[in-house]
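> Sequence:
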Amino acid sequence: MEGLPTEVIVIDNGSTDDSADVARRAGARVLTIPGRRVADLRNAAAAVASGDLLAFVDADQEIDPGWTAAAFDVMRNPN
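Each number in the working numbering comes from the position in the sequence shown (counting from 1) with 112 added on.
Treat the hints as calculated values from the structure; they're not laboratory data. The C-beta atom is built at its ideal place from N, Cα and C for all residues, glycine as well. Check before you lean on any hint, since a few could be wrong.
[To be verified] Cβ-Cβ distance ranges computed for the label pairs, FRET-style:
{"hint": "1", "residue 1": "Phe-168", "residue 2": "Asn-189", "range": "18 to 26 Å"}
{"hint": "2", "residue 1": "Glu-174", "residue 2": "Asp-130", "range": "15 to 23 Å"}
{"hint": "3", "residue 1": "Glu-119", "residue 2": "Asp-172", "range": "19 to 27 Å"}
Produce the complete structure using the sequences and hints provided.
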């Protein structure tokens, strides 16, 4: 994501490990909202996001290093 305008928002839904701290140290904004459904959590993140494009990534997904740049390229295409 280097050089691209990105914002990372992590929703901590009641984790018991140090994942929220790891996210903070990596520069993410962390919201702690335990016990809510996935749709509620995504809506909470979207409400505080400042960007024009949103991508939701779940904890069991791994993002390829070129994924963000490819997504930006696709969204720039008017077709």
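> Next step is simple, just say for each hint if it's right about the structure.
Consistency of the hints with the structure:
| no. | hint | in the structure |
| --- | --- | --- |
| 1 | Phe-168 / Asn-189: 18 to 26 Å | 21 Å, holds |
| 2 | Glu-174 / Asp-130: 15 to 23 Å | 19 Å, holds |
| 3 | Glu-119 / Asp-172: 19 to 27 Å | 22 Å, holds |
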